[in-house]
Amino acid sequence: MFKRLKHTNILERMNNHDVKGFSDMRKFVILCILFVVMLLAAAFAMVLGAYNISFVDVYATIIANLSPLHDVSNFNKLHNTIIWDIRLPRVLLAIIVGAALATSGAVFQGCFRNPLVEPYILGVSSGAAFGAALGIVYPHIFFSIQISAFIFASIAVIAAYILARTRGQTPIITLILGGIIIGSIFSALVSILKYTANDSSLREIVFWLMGGFYYATWDDVAIIVPIVTLSFLVLWMYGWKLNILSMGDEEAQALGINPEKSKMILIALATLITAVAVSTVGIIAWVGLMMPHATRMILGPDHRFVIPSAAMLGGVYLIICDTMARTLTTSEIPVGIITSILGAPYLFYLLRSKGSSLIG
Amino acid sequence: MLQVEDIHFNYGKNQILKNISFDVEEGLLCGLFGPNGCGKTTLFKCCMKFLKFHKGSVVMDGIDIKKHRIEDMAKVVAYVPQEHKPPFPYLVKEVVLMGRTPHLGGFFGVKRADKKKALDALELLDISHLGEQPYNQLSGGQRQMVLIARAIAQETKLIFLDEPTSALDFSNQMRIWTLLRKVAEQGITILACSHDPNHVTWFCDKVVVMNNNGIIGQGAPNHVITETILDEIYQNMCTVRSLGKVKMILPRDVAVKKRLETKTDARAPNECIMTGE
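So the protein lines, in turn, are chains A and B. Going by this note's numbering, the first residue of the first sequence is number 210, and it counts up by one from there. Going by this note's numbering, the first residue of the second sequence is number 11, and it counts up by one from there.
Please note that the accuracy of each hint is not assured.
[Claimed, not checked] Covered stretches of chain B, as calculated for chain A (at least 3 residues, CB under 8 Å):
id	stretch
1	26-34
2	37-45
3	175-186
4	217-228
[As the list claims (entries may be wrong)] Think about it this way: if two alpha-carbon atoms lie no more than 25 Å apart in a straight line, the pair counts; the simulated DSS-like pairs of lysine-lysine are:
id	chain 1	residue 1	chain 2	residue 2
5	A	Lys-470	B	Lys-85
6	A	Lys-470	B	Lys-76
7	B	Lys-59	A	Lys-470
8	A	Lys-236	B	Lys-121
9	A	Lys-470	B	Lys-77
10	B	Lys-77	A	Lys-236
11	B	Lys-268	A	Lys-470
Honestly, the hints are just simulated from the structure, not real lab data. From the three backbone atoms N, C-alpha and C, an ideal C-beta is built for every residue, glycine too.
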């Protein structure tokens, strides 16, 4: 439905001779280009891997799996497993997690009126880490690492929000402080678990904290895709309101936007997709901070465009990082390490070269 | 158009507004005049519903603002805040377009007509050349002009301006006041606070004077802005003179010094006209 809406919008503009000097045409074209880039990156990532399979084989297998007959008997069984059960869900998961983190990064930065905010600011990551660690150390009590991580991620953010709420308002500063407080408490709790855990659990906790797509399955994809897609669409609808919220609460109110209500919806949805992503793949740093910045450089700060293009860039970035993670060395590198190593210098470069126009 | 009745407001125990009542008729340019810290901005914020006042009522366009939803308020009244700086480099035209928000519908919202109105507002203020520049890199005065353009694009019956000319140079101050007059003549009611008694006397149809004790005078500026009132709020600082038929408020020290100089050189032409009536 949304695609169609965008489409009619473009057509309407073409017919109407857009208002001079005020055209969004260029931005729509860039969105389309980004979408194509994302598809190409995904297509390319499917072919690369530790086990060498030719381009033709990869796509023949995918097409056979997609066809209604689902007849894969005449393909190499090993190939089929690698491509359909390992690589494809992994690439899809990378796209959707990247999109989720980048979208929520853009939303948080807009809501908090601060371009240096990232999706983990309210303690999602520490909460999730604690939940996951509990699941790893006490597997018989917390039967699913993923659910336990999600529950504690939500608890962390709700706690931060309650801490910050005073007299019917949630000032941004106290919200951030609340996030820091809750985050540090959960980090301390994770440390306790690490300290008491036996060697194999400790190793697993450490790996989880660095984030990775090693265990990507179709089940993960099936859970995370609908949640992220729906939330993304709602957040995108809020794009213009987010522009106005980023001017400040009073101004938003003067322009007819209820700041408390909108902020709560935005923060809740952004937190939801972050929590879902983090509890599935662990803590992946930098994507949520960096992608919105990169997007603003290309398209400007209008959140109606920042949100979709940050999402797509996030997808592309995680596809690239994850492909590197599984092909650079014989054993896998946690993807969180790669996103940080690639991301930090990039952000440094951005701030040095375009800092003034980004932060003002 | 705007009736404010018996507003009381305090931050904790610190009472800021006490027994504030005034009204502004439709199409008037009304000045709100008072010393620093007397609660002008607080009064604005109460009228905009940013702050919840404890007692009293504000009626806009015949409706009590307590009954207005935030979305409806924005169609009745526009607000030009004092200086502020958003964190993101929105272009000037985008900032002005934000003024159209209360009239937007749907997902992507912004229509051709809205963009047109935003550009028209820029043109009205004569700042079309700023359209493509990032708003947060402008000077304070330019930002003020942009915010005024945004309020005009909002197309409301009532506009509040919190010190609209505080960061502007002399020519732009005059431009803004002339423009506000023009806007008021189109039937839009304007309430603007200002620190310059001259601006208020020269350009406003009506003035409301307040100090820390509440409102101490309201009505036509020529009757209200007198030495007695100015003495009350500024402690014997000002002298009111007439230049032809135009009222001038001068600092008393300067007025006294000038008079002494005139006595020594009685034929100085300007000073002869400047004697009090």
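Legend entry - 8 Å C-beta criterion, at least three residues: is the stretch 217-228 of chain B covered by chain A: With 0 residues in contact (Cβ-Cβ under 8 Å with chain A), the coverage given for the stretch 217-228 of chain B is violated.
Legend entry - Hinted pair Lys-470 (chain A) and Lys-85 (chain B), Cα distance within 25 Å: holds (19 Å)
Legend entry - Cβ contact check, 8 Å cutoff: the stretch 175-186 of chain B against chain A, three residues minimum: violated (count 0)
Legend entry - Straight-line alpha-carbon gap Lys-470 (chain A) to Lys-77 (chain B), limit 25 Å: holds (18 Å)
Inset, instruction - Sort out whether Lys-470 (chain A) lies within 25 Å of Lys-268 (chain B), counting only the CA atoms. - result: Violated: Lys-268 (chain B) and Lys-470 (chain A) sit about 59 Å apart, past 25 Å.
Legend entry - 8 Å C-beta test of the stretch 37-45 of chain B against chain A, three or more residues: violated (count 0)
Inset, instruction - Count residues of the stretch 26-34 of chain B with a Cβ under 8 Å from any Cβ of chain A, then say if the count reaches three. - result: violated (count 0)
Inset, instruction - Mind checking the alpha carbons of Lys-77 (chain B) and Lys-236 (chain A) for me, to see if they're no more than 25 Å apart? - result: violated (40 Å)
Inset, instruction - Quickly compare the C-alpha distance for Lys-470 (chain A) and Lys-76 (chain B) to 25 Å and report which way the hint goes. - result: holds (18 Å)
Legend entry - 25 Å limit on alpha-carbon distance, applied to hinted pair Lys-59 (chain B) and Lys-470 (chain A): Holds: Lys-59 (chain B) and Lys-470 (chain A) sit about 16 Å apart, inside 25 Å.
Inset, instruction - Could you grab the alpha-carbon distance between Lys-236 (chain A) and Lys-121 (chain B) and see if it respects the 25 Å cut-off? - result: holds (16 Å)
Figure legend: structure checked against the earlier numbered hints; hints not met, in rising order: 1, 2, 3, 4, 10, 11.
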